[in-house]
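Those protein sequence lines, which keep their order, are chains A and B.
Following this note's numbering, the numbering of the first sequence begins with 1 at its first residue and continues without gaps.
Following this note's numbering, the numbering of the second sequence begins with 1 at its first residue and continues without gaps.
Please note that the accuracy of each hint is not assured.
If chains are identical, the list can't say which one is meant, so a pair holds when it fits in one copy or spans any two.
Unchecked claim - Restricting the straight-line Cα-Cα distance to at most 30 angstroms, the calculated cross-link-like pairs of lysine-lysine (DSS-like) are:
{"id": "1", "residue 1": "176", "residue 2": "239"}
{"id": "2", "residue 1": "142", "residue 2": "226"}
{"id": "3", "residue 1": "145", "residue 2": "210"}
{"id": "4", "residue 1": "210", "residue 2": "75"}
{"id": "5", "residue 1": "150", "residue 2": "45"}
{"id": "6", "residue 1": "75", "residue 2": "220"}
{"id": "7", "residue 1": "177", "residue 2": "24"}
{"id": "8", "residue 1": "21", "residue 2": "220"}
{"id": "9", "residue 1": "142", "residue 2": "220"}
{"id": "10", "residue 1": "239", "residue 2": "177"}
{"id": "11", "residue 1": "150", "residue 2": "36"}
{"id": "12", "residue 1": "54", "residue 2": "30"}
{"id": "13", "residue 1": "142", "residue 2": "30"}
It should be emphasised that the hints constitute simulated quantities derived from the structure, not laboratory data.
Protein chains: 2
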Amino acid sequence: MRYLIRFSYDGTSYNGFQKQKRDKNTIQGKIEEALKYINNGKDTKLTASGRTDKGVHALDQCAHTDIDVNITPYKLKRALNSLLEADIHIFSVEEVDNEFHARYMVKKKTYMYRINMGEYNPIERNISYQLCRELDVDKMNKAIKDFIGKHDFSAFCSNEDKKEDCIKEIYDAYIKKDNNTLYIYFTGNGFLKYMVRTMVGYLIEIGLNKRDNDIKERFKETKRSKIRTANPEGLYLYKVEY
Amino acid sequence: MRYLIRFSYDGTSYNGFQKQKRDKNTIQGKIEEALKYINNGKDTKLTASGRTDKGVHALDQCAHTDIDVNITPYKLKRALNSLLEADIHIFSVEEVDNEFHARYMVKKKTYMYRINMGEYNPIERNISYQLCRELDVDKMNKAIKDFIGKHDFSAFCSNEDKKEDCIKEIYDAYIKKDNNTLYIYFTGNGFLKYMVRTMVGYLIEIGLNKRDNDIKERFKETKRSKIRTANPEGLYLYKVEY
Chain A
1 MRYLIRFSYD GTSYNGFQKQ KRDKNTIQGK IEEALKYINN GKDTKLTASG RTDKGVHALD
61 QCAHTDIDVN ITPYKLKRAL NSLLEADIHI FSVEEVDNEF HARYMVKKKT YMYRINMGEY
121 NPIERNISYQ LCRELDVDKM NKAIKDFIGK HDFSAFCSNE DKKEDCIKEI YDAYIKKDNN
181 TLYIYFTGNG FLKYMVRTMV GYLIEIGLNK RDNDIKERFK ETKRSKIRTA NPEGLYLYKV
241 EY
Chain B
1 MRYLIRFSYD GTSYNGFQKQ KRDKNTIQGK IEEALKYINN GKDTKLTASG RTDKGVHALD
61 QCAHTDIDVN ITPYKLKRAL NSLLEADIHI FSVEEVDNEF HARYMVKKKT YMYRINMGEY
121 NPIERNISYQ LCRELDVDKM NKAIKDFIGK HDFSAFCSNE DKKEDCIKEI YDAYIKKDNN
181 TLYIYFTGNG FLKYMVRTMV GYLIEIGLNK RDNDIKERFK ETKRSKIRTA NPEGLYLYKV
241 EY
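With the sequences and hints as input, model every part of the structure.
Here it is as structure tokens:
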């Protein structure tokens with residue numbers, strides 16, 4: 001039986017989402033360990049909507065898995081949560097048919113990036129980027145709209161992605177301000193490695209008056225521009241839609 | 001020279017504020033270690049507005065200290081922050097006269113308590129109480145007003161405080177709701193051990209319809225009532241006023 005599992009996690013203590021050969025300290029590694037235990041000791045793969053980098057969080061990550069043993073979604077959810085540490089939380093499990101694929105069938109993904117412009121806050125140091133400088137939010141608000149649409153994001157991603165198809169579509173992008181905290185949202189059909197953190201880094205440089213908005217020019221480039229990659233701790237996989 | 005030091009901290013990794021004989025893993029212990037280093041190796045005491053329990057946070061804790069070496073407030077702030085871990089942050093240092101006392105001269109203190117009524121959030125598990133149940137906020141809003149005023153809080157504190165003067169005055173108490181999160185604020189002239197967490201525990205029981213508001217009756221009691229003490233991770237020392 002195939003299950004769709006939805007979960008949230010605090011990425012602080014993990015080396016990213018994706019399982020690595022010699023390093024089991026990843027979100028995927030931890031969940032697969034629990035799945036194996038539930039699935040009578042059989043190696044059980046978890047296929048997620050995509051990976052997240054070291055230190056990045058998720059409020060709604062989605063993945064599918066195939067389990068041989070007979071278990072209700074409710075019991076699978078409870079069993080997983082009882083086996084996992086407090087920094088990973090399964091909040092929904094449902095049966096899906098065998099055609100369902102958590103990666104290939106994604107329609108939309110939303111990422112959120114959180115920035116503290118105020119005094120350094122030790123309590124939020126791992127869950128919000130402590131920029132601790134004022135940003136010109138009006139300027140950033142104008143610029144962010146240029147990301148919306150179908151573009152070649154080669155300038156705004158890791159160079160590792162060069163060979164991949166860097167044409168992605170951003171459906172929506174906006175900024176919410178709450179006192180000294182900015183929440184930047186991007187919804188799109190897919191995101192390249194470091195793409196959100198690079199777009200945020202670019203917007204931060206605009207907000208600090210360190211560059212003018214030339215996003216439309218950048219879309220003509222074929223490799224990554226010199227742009228700061230914003231820290232991982234501010235980034236959240238916010239929503240995955242099928 | 002006497003200095004007033006204002007600082008914030010994430011209490012998660014510490015055994016409370018107050019230094020203990022055999023345990024240096026306290027906020028006070030860590031700051032005194034840094035002060036000693038700055039003060040040419042001389043044992044240097046930090047006198048705070050009051051202690052906070054294990055796991056409790058502070059957004060604005062205040063303390064005074066006496067330093068022999070000649071150092072500007074700005075340099076003392078920088079030196080402390082460079083010596084301290086990322087979960088303690090000194091945000092202000094000022095010279096005060098030798099009469100100033102960070103504990104005895106407190107006029108008002110404000111505590112904030114944060115509750116998540118929604119789905120368990122692993123990202124905020126150490127900085128917000130994960131109650132994960134709906135509360136009747138209207139009922140709580142009505143009840144909380146009964147805490148305001150000068151009362152005997154014997155029923156709402158640790159029994160250890162029995163001998164102390166349990167008459168305290170609450171100047172203001174109110175609840176803010178933001179989606180699934182409640183922020184409960186108490187401002188008063190002083191707080192007994194576990195007092196805020198007990199008042200919050202009482203309000204939670206009201207919000208869960210597990211008890212009716214009989215706060216005025218409780219004030220007549222001379223020892224602690226059977227009330228749940230709300231978890232430490234939701235509690236923040238929010239402001240200290242002189």
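Each hint tested on the structure:
no.: 1; hint: 176 x 239; result: both (17 angstroms within a copy, 26 angstroms between copies)
no.: 2; hint: 142 x 226; result: within (21 angstroms within a copy, 56 angstroms between copies)
no.: 3; hint: 145 x 210; result: within (19 angstroms within a copy, 50 angstroms between copies)
no.: 4; hint: 210 x 75; result: between (53 angstroms within a copy, 28 angstroms between copies)
no.: 5; hint: 150 x 45; result: neither (33 angstroms within a copy, 61 angstroms between copies)
no.: 6; hint: 75 x 220; result: neither (51 angstroms within a copy, 48 angstroms between copies)
no.: 7; hint: 177 x 24; result: neither (38 angstroms within a copy, 40 angstroms between copies)
no.: 8; hint: 21 x 220; result: neither (37 angstroms within a copy, 65 angstroms between copies)
no.: 9; hint: 142 x 220; result: within (20 angstroms within a copy, 60 angstroms between copies)
no.: 10; hint: 239 x 177; result: both (20 angstroms within a copy, 23 angstroms between copies)
no.: 11; hint: 150 x 36; result: neither (41 angstroms within a copy, 59 angstroms between copies)
no.: 12; hint: 54 x 30; result: both (14 angstroms within a copy, 29 angstroms between copies)
no.: 13; hint: 142 x 30; result: neither (41 angstroms within a copy, 45 angstroms between copies)
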